[in-house]
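Engineer: Given chain A, work out where chain B should sit, using these hints.
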Amino acid sequence: MGLHGGQFTTMRIPVETFVLDNGLFVTLSEDHTAPIVAVNLWYHVGSANEKTGRTGFAHLFEHMLFQGSAHVGSNEHFELIQRAGGTLNGSTWLERTNYFETVPSNELALALWLEADRMGELLPAMSQEKLDTQRDVVKNERRWSVDNQPYGTMLEKMQELVFPPSHPFHHSLIGSMEDLSASSLDDIGQFFSTYYTPDNAVLSIAGDFDPREARRMVGEYFSPIPRGKGKPPLPPMTLPPAFGQRLREVVYDNVSLPRLFLAFRSPVFGSEEYYAASVAGAVLGMRKGSRLQRSLVRDRQVAADAGAFTFDLAKGSDLLVVDVTARPEIPVPQLEEEVEREINLFYRDGVTPAEVTRAIALIETDLLTSLQSAGERADRLSMFATFFKQPDLINQQVGRYRAVTADRVNALISKRFGEDNRASLLYVPREEVESEAALAVAAGTG
Amino acid sequence: MVATLRPVAGPARRYHFPEFHQEMLPGGIRLVTAPVTKLPIATVLVIVDAGSENDPPGKEGVAALTAAALLEGGEEMDGAAIAERFEQLGTSVESGADWDSAFIKITTLSDRLDAATTLLGETISRPAFPEREVERLRAERLAEIMQLETEPRGLADEKFSEFLYSSDSRYSKPDEGTSDSVGALSRRDVAEFYAARYRSGATTVVVAGDVSIEGARDLVARAFQSWHPGTPAGPRLVTGARSRGRTLHIVNKVDAPQSELRVGHVGLPRKNPDFFPVLVMNAVLGGLFGSRINLNLREAHGYTYGASSYFDWRRGRGPFVVSTAVQTEVTAPALREILYEIDRIRGEHIADSELSLARDYLEGVFPIRYETTAAIASALATLVVYGLPDDYYESYRRNVHAVSVEDVLKAARDHLHLDQLQTVVVGDARIIEQTVADLKLGDQLVHGS
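As you go down the protein sequences, you meet chains A and B in turn.
For the first sequence, position 83 (counting from the first letter as 1) is numbered 1077 according to the working numbering, and the numbering increases by one without interruption.
For the second sequence, position 68 (counting from the first letter as 1) is numbered 256 according to the working numbering, and the numbering increases by one without interruption.
Among the hints, a few may not be true.
[As the list claims (entries may be wrong)] Label pairs and their calculated CB-CB ranges:
id, chain 1, residue 1, chain 2, residue 2, range
1, B, Leu-576, A, Met-1005, 28 to 38 Å
2, B, Glu-323, A, Glu-1123, 52 to 62 Å
3, B, Val-196, A, Pro-1218, 15 to 25 Å
4, A, Gln-1239, B, Tyr-528, 27 to 37 Å
Derived from the structure by calculation, the hints contain no laboratory data.
For glycine and all other residues, C-beta sits at the position ideal for the given N, C-alpha and C.
Just chain A, with the same shape it has in the complex (with noise of 0.2 Å):
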């Protein structure tokens, strides 16, 4: 079966589901026209999980999960999917961790049988060398992605600045340096049993494949892994749908341009209302043609580049965060200025249809842009399955976006674009701390 449908809008990738005897919930998409087939791996955990004094912890878990299990060695995870020319990695987010190969077709069970190991089998292959080798890794890569690099603290400043201290988005996704050392064999051995179990998992495959053969593979190497024995459940997530005051924090930082990351709480990802945010955040600033690039850096030159993005959280609530920075002769406080400028007029006056015809337009090419890859293919319908339970989703997307009209992202602006709604966190270069429009900045800080 090919994904060609003629047009976009009967367009369907093919989507089987099946929940093995273990909890373990799988999907398969067949498409034949190349020989490679992308597995992928989600299991519903991520920062928001970890206990307190272990930030950090799922992601340095991550990388352990490269280090072997009962029957595969150090890295070898990593030297056997290359040796088959394959692709592979693993990411951590607030909320999930995934894991993935893309293969020729031919080593399907490969990929799957290391997944499967390391799933059912981590802990023999676990050694304090490894954790302490892994741990220094991890400190270099926070060195490297977040304390020396401009505006690296972001993600963990803004966390900290939008969710309440006992909300589980609230803590680093990275972690602390403290944290970091402060991790146990004993902590790999509690997190594995309690989150890395089938009925904690998604595994979707994408490609070239034969459904039975696959089904077949799947239960042979899956099946004899226990069922968990539950996780504690999260916090409670839900938070009104405003900040409820103006939020704003100050970071005198080693940048050479001021920079604003302005955040809105949003609708929770999947919900109707997300899609109308989404749009939101296209039509303030995705691309060239967008508001806040034609306003601040085309016509009144005070950016050097701008943009909006989501966090696409689906638990509890979102975050829309718009992202601008100054031209280096644009004062910190004219930053600001400008940017709110566009927000006020953004709340009072909505977008029209034609700015919400442009952004679904982009935001359609996009999805089917990146639906030719397996993995990203595989990606989605695994988080589709882990967050909704339904992976079928995936084909459902274009038309969820289509649905969406100006007066519904007029309503959605009015209800998250207030005055109450709005959380700064400011980049200053240090070096202009000393000077008067810093000071005035600093002044402000609430």
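Structural biologist: Frame of chain A, contents of chain B only:
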């Protein structure tokens, strides 16, 4: 409990790189079409021999600025209107220049391909380069250059090129120019560069995706009917090294938590007879996750999040470089391990298992690289830019497979030069200076950032 026996692979299904058709259009443009009908989507990639290597001395950055300014409007529409029209079609245009060519690229749903390609042809055939927009793009470029000062990775790359190549080599300065050269560019420079280089004899249009050969021919011929005839002369490539012996440059960053390291020398041009042995050799040295350098620095020592080596392939002799970022305290031991690995691969045959890892990976991953219309278009553009044979992709895996351990050793001895290594460290000089002294990395120079 899980099956203990590793599965054995079944027979591989055959794979062929998508078939493509090449022709010269009546106006002199070369057209390459690859019909791929997996999804109703297509990519149009215009390649012009107008890359940064063509920047005249003192005008470094003009190629990049010209490519960016192409979309800023003509007589009928301004830049904002053009962006709006493309985006209403669900298409975004990207344009830019790398060392070897300028490119303009769109990816669009196939039912909008006609409209989007027509708009593309009109836009880039008659750009007006409005003063205000060129000035804006220039200022944005200057802002990017300024940002480099606080961005250690980009700064290390830039400094490495500067210290590697002789000052008369275009490669010694960033492809997008320096603050001095960009600061001096004008609208007139852009218009002149465009008039000189954006000509049919220097232009290739690649169409990949849901389109027929005839359809692409009609569409591109129509969309580019006002394209400019003629063939500009090729650039004069100067790629000499700045220094004959080893040199160590420390770019001081007080209190930097990590040192960004670049170690290497002037490498090889893309089109060279040893390409495949060098490709496999570098995969073993630092190209793969399981390469010697990454396993040593990351997995054995935990010095870094990642370390790699690569030959930066260009028409001229681009750099060979080992690149990593390590915790400040281990800067010297990390450099020692890098030197050790370069020396080791020149010293003796690699193991058969290393050869097979590299070969099997490069052969196997080949089909995974060409899943998207954009990737296919870009692969076809590579053929044109470097003058590679038409059967390059069809014979790629065969050529990789033919590389032996002897070939790898010879490639390492011929093309890795320990005596010419240039080392750049962007980090805290106070801590680094003393510890690296006994590594014999050559004359040691400390620079303010």
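Engineer: Now tell me if each hint is right for this structure.
Structural biologist: Results for each hint:
1. B/Leu-576 / A/Met-1005: 28 to 38 Å: holds (35 Å)
2. B/Glu-323 / A/Glu-1123: 52 to 62 Å: Holds, at about 58 Å.
3. B/Val-196 / A/Pro-1218: 15 to 25 Å: With a Cβ separation near 20 Å, B/Val-196 and A/Pro-1218 satisfy 15 to 25 Å, so the hint holds.
4. A/Gln-1239 / B/Tyr-528: 27 to 37 Å: 58 Å Cβ-Cβ, so the 27 to 37 Å window is violated.
When held up to the earlier numbered hints, the structure conflicts with hint 4 and nothing else.
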